Every structure is written in structure tokens, then in C-alpha cells.
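Asker: Can you build the whole structure from these sequences, using the hints too?
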Amino acid sequence: MMCNPCFMDANQVGYVHEPGFEDIKEILDRAVSFKPRRQIIILFSGGEPTLSPHFLDAVRYAKQIGFYRILAATNGIRFAQSMDFVRQAKEAGLHGAYLQFDGTTEEKNQHRGVGNLLEVKLQAIENMANAGLKVTLVNTIVNSVNNDNIGATVDFAVRNIDKIQTIAFQPVSFTGRDEDIDEETRQRHRYTLSQMTDDLKRQLHADWEPMRDWFPLSSYSAFTSIMDMLQGADAPWGWSACNCHPNCGIFTLLVVNRTTKEWAPLFKFFDYERFIRDVAVITDTARGKILTTAQLALAILRNFNPELAPKGFPISQIVNLFRPTSKRPDSDRNDRMKTRSESDDWRVLCVEGMWFQDLWTYDFRRTEMCVIPYGTQEGEISFCAYNTGVGWRQVIETMRRTATIAEWHRTRGRHEIFAKGKNVPLETTVHSLDLPIVS
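Quick note, the sequence shown lines up with residues 166 to 604 if you use this note's numbering.
Please keep in mind that the hints were generated in silico from the structure rather than gathered at the bench.
On a predicted model such as this, the values are computed, not experimentally measured, just so you know.
Every residue gets a Cβ at the ideal spot worked out from N, C-alpha and C, and that includes glycine.
Honestly, I wouldn't trust all of these hints.
To be verified - Straight line, CA to CA, 30 Å or less: simulated DSS-like cross-link-like pairs of lysine-lysine:
| # | residue 1 | residue 2 |
| --- | --- | --- |
| 1 | K426 | K454 |
| 2 | K255 | K366 |
| 3 | K228 | K366 |
Stated by the list, open to error - Per label pair, the in silico range of CB-to-CB distance:
| # | residue 1 | residue 2 | range |
| --- | --- | --- | --- |
| 4 | E592 | K476 | 41 to 47 Å |
| 5 | E256 | T594 | 38 to 44 Å |
| 6 | N470 | E348 | 45 to 51 Å |
| 7 | E191 | D363 | 44 to 50 Å |
| 8 | T563 | E348 | 25 to 31 Å |
| 9 | F199 | E256 | 24 to 30 Å |
| 10 | P375 | G544 | 34 to 40 Å |
| 11 | D347 | T270 | 24 to 30 Å |
| 12 | L524 | T270 | 29 to 35 Å |
| 13 | S309 | P375 | 18 to 24 Å |
Answerer: As C-alpha cells, then:
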């Protein structure tokens with residue numbers, strides 16, 4: 166693909182940067198060597214990571230050395246084209262995918278330059294769900310392009326809650342192919358997280374309040390210590406942490422009935438702000454696993470308001486959200502909510518807003534606190550430092566470039582590029598996804 170926006174400038178910089186398998190192993194070995202050992206998300210990115218001849222081997226190696234949240238940031242084309250590839254990725258150890266998904270109609274995806282891109286996304290979701298892979302929809306919001314469709318994207322995820330776990334909305338940052346954007350276009354396309362929360366409430370006509378239901382992503386780090394205590398000192402890995410700057414992103418949780426598709430913001434009937442303070446007290450007292458479990462249960466009980474909860478939603482489901490499991494170390498929040506049987510109706514949809522930086526919004530304090538480092542041949546580098554301006558991406562890729570474009574094409578050939586409205590050929594377009602009605 167040759168789409169805008171894009172963090173990098175693939176196919177347009179005159180050279181190829183393609184780490185070899187030994188490079189990839191070294192990067193992963195360095196990540197697993199950090200002490201204390203905590204689970205981190207391994208997200209293979211690109212360009213398009215599935216084009217790498219080392220992709221499946223890299224996934225397999227990451228799994229082998231102990232990581233379990235192994236994901237791919239992908240346009241979904243290979244996952245849509247080949248069910249065999251999807252199965253191979255699952256067998257190698259892939260946990261899920263961050264799937265580029267800019268809207269629920271072809272029109273809202275047309276700026277990516279592929280004629281049937283929505284069709285590709287739907288088939289990719291279907292194939293990945295059939296293989297048991299977790300799907301996160303990654304929606305880059307560009308003002309005046311697709312911001313009027315973000316409510317429909319949430320509706321789509323709710324309708325397909327058994328196939329979609331998370332939505333990551335990302336207001337556009339002007340980096341990579343967009344660094345030279347003119348002032349008028351930048352002002353027209355700029356979009357913020359506050360606009361996002363207001364637009365979601367308005368487009369969905371929902372009781373989804375910006376000031377009640379959304380919290381900084383970093384607030385979830387309050388649970389890191391308490392989860393470590395509940396797992397016990399013998400746990401091979403610590404719980405993952407999210408200690409980013411509060412301006413880096415926001416999140417909320419929606420509880421969804423998978424049968425009726427009724428949904429509600431969890432924090433409408435669960436006082437999350439007070440619960441965070443309770444968790445801080447519990448962590449500070451450090452009274453051992455049994456008493457800590459009891460304290461946590463009491464904190465959940467006192468912050469749960471059954472009068473505001475959806476009919477039939479049990480408080481036990483909130484308890485399960487914060488209960489680590491030794492049987493399934495790779496379990497996510499929805500796995501933990503399936504406590505009785507697959508017939509349990511309630512699921513959780515996480516909706517995030519990630520505010521990545523560009524030259525016009527850069528904050529060095531945010532860079533210092535970054536929790537999304539790029540693993541490179543020269544070490545770990547903050548996401549925004551790597552992608553913003555004439556920065557580390559250009560430095561690393563120039564230092565470690567594999568070949569010029571001409572040399573690469575001469576020795577390796579060309580992979581197919583889908584641009585200028587070209588359609589992606591698919592073996593089938595049959596799926597079971599429920600699409601929202603968009604007026």
C-alpha cells in the first residue's frame with residue numbers, strides 16, 4: 166500500500182531497511198533480559214510486517230523465549246487472503262493483531278488507496294477470529310475525512326464483540342509521509358482526544374460522558390503492584406505496567422451483552438476514580454495474598470452501583486476483570502469474564518485514544534515517560550522520538566539499510582503494491598460479521 170497517513174515513508178525513501186533474523190533475535194533477547202521481568206506486548210510493525218520472510222520465525226522465537234502478547238500491526242491483506250497463513254501465525258504463537266481500520270464503509274477507507282479495503286478488513290477479521298486471534302481495530306482519525314464515522318466503528322465492534330476486543334483510536338499525527346504538510350491542510354485535518362470523546366457521545370446518542378467515563382491510560386498502572394501481589398512472588402513474570410504520561414492517551418471500558426448487543430460504560434456504574442484510590446491503599450498496606458484479595462473484593466463491592474448497572478450484569482464479572490489466572494497466563498479481560506461457560510453473555514470492549522506526537526505537539530516529558538519503545542538494532546527508542554521529525558527512524562534506517570530500492574528489486578524482485586484504487590484479490594468475501602447501518 167502507499168497510503169497516507171503513515172508513520173514511515175515506506176517505498177519512498179530510496180532504500181530498504183530489512184532486519185535479518187539474527188537482528189530480530191538480538192532485539193527480542195535484549196527485551197527479555199530486562200530486570201525485573203515483566204510481560205510486555207511485542208508488536209511487530211513495519212511497513213507491513215507480514216511481508217518479511219522472517220515474520221513467522223520471529224513470532225515463534227518471541228513465544229519461545231517467554232513472551233505471550235505477540236501482535237502484528239497490519240493492514241490485514243495477508244490475513245484476508247490466506248486462511249493457511251492465519252493458522253500458521255496462530256500456531257507460531259501470534260496472540261492477535263492491531264488491524265488498520267479507518268471506518269465502516271469503503272468511502273471512509275478510500276484515502277488509503279485500495280479499492281476494496283473494507284472488504285479486506287472484514288475478511289481479515291473473520292479469518293483471525295476463526296483461528297482464535299484477538300483483534301484490535303486501529304482507527305486513524307483525520308478531521309474532515311473519517312471523524313464522522315467513529316461512532317459507527319464502535320457500533321461495529323459492539324455488534325461483533327466476540328471477534329473484536331479493543332478499538333484504538335489514534336488522532337492523526339503529522340509524521341512520516343505527512344511531515345511536509347502545508348499549514349492549511351494541517352489545520353483542517355487536526356483532531357484531538359477531547360473532540361473524539363464528544364463526537365462518540367453525539368454520534369451514538371449514548372449516555373457516555375467525557376468527564377465521567379474516560380481516564381488516562383496511565384491510571385491502569387495502579388493495578389500493576391496489586392496484580393503482582395495476587396500472582397505471588399513465585400510468578401515467572403510480573404504484571405505488565407503502563408506508566409506513560411497522562412497526556413499520551415485515554416481509555417474507557419464498555420460492558421457489552423453479546424446476545425442483545427446492549428452496552429453501557431463500565432464507569433457509569435462503577436466508581437473507577439475512588440477504586441483507584443482504594444487500590445493505592447491496598448497496595449501500600451501489603452497484607453499478603455489472602456487479605457489483599459479480600460480488600461480488593463470489598464473495594465469492588467463498595468464502588469459498584471447495581472441500580473445503574475445494566476439488567477442482569479453481575480458484580481462477579483467485575484471481580485473477574487482483576488483476577489489473574491495461573492492456568493492461562495495469556496488470558497485477557499474477556500477470557501477472565503468467561504467464568505461459567507461460553508454461554509455467559511457479558512464481554513468487555515476497551516476503547517482507547519492514543520495521542521501520538523508530531524513536531525507541532527512535541528513534549529520532551531512525554532518522550533521521557535514513553536512506554537512504547539521501538540526495538541532496534543541500536544537499542545530501544547521512544548515511539549514518538551523514533552517517528553517524529555528528522556529523528557531516530559532516519560538515523561537507524563540509514564545506518565542499517567539493507568540495499569537501495571534498485572538493488573533490492575534486482576536481487577529480490579518486487580512485491581505487489583495496492584494503490585490508486587486497485588483491488589486486493591480475495592479467495593472469498595463470505596463472513597459472519599454484523600455491519601452497522603450507516604445513513
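Asker: Please go over all the hints and tell whether each is borne out by the structure.
Answerer: Hint by hint, here is what the structure shows:
1. For the given pair, K426 sits about 37 Å from K454 by alpha-carbon distance, which is inconsistent with the 30 Å threshold.
2. About 36 Å separates the Cα atoms of K255 and K366, which puts this hinted pair outside 30 Å; it is violated.
3. Simply put, K228 and K366 have alpha-carbon atoms about 40 Å apart, too far for the 30 Å limit, and the pair is violated.
4. The hinted range of 41 to 47 Å is satisfied by E592 and K476, whose Cβ atoms lie roughly 43 Å apart.
5. A C-beta distance of roughly 25 Å is found between E256 and T594, which places it outside the suggested range of 38 to 44 Å.
6. Taking the beta carbon of each, N470 and E348 are about 48 Å apart, inside 45 to 51 Å as hinted.
7. For E191 and D363, the Cβ-Cβ distance of about 45 Å falls inside the hinted range of 44 to 50 Å, so the restraint holds.
8. Hint check: T563 to E348, Cβ distance near 29 Å, so the stated range 25 to 31 Å holds.
9. Hint check: F199 to E256, Cβ distance near 28 Å, so the stated range 24 to 30 Å holds.
10. Remark: the range hint 34 to 40 Å for P375 to G544 is upheld by a beta-carbon distance near 38 Å.
11. Distance hint check: the CB atoms of D347 and T270 are about 28 Å apart, consistent with the given range 24 to 30 Å.
12. The supplied range of 29 to 35 Å is met by L524 and T270, whose beta-carbon atoms lie about 32 Å from each other.
13. A hinted range of 18 to 24 Å for the beta carbons of S309 and P375 is consistent with their spacing of about 21 Å.
Of the hints listed earlier, those the structure fails to meet are numbers 1, 2, 3, 5, in rising order.
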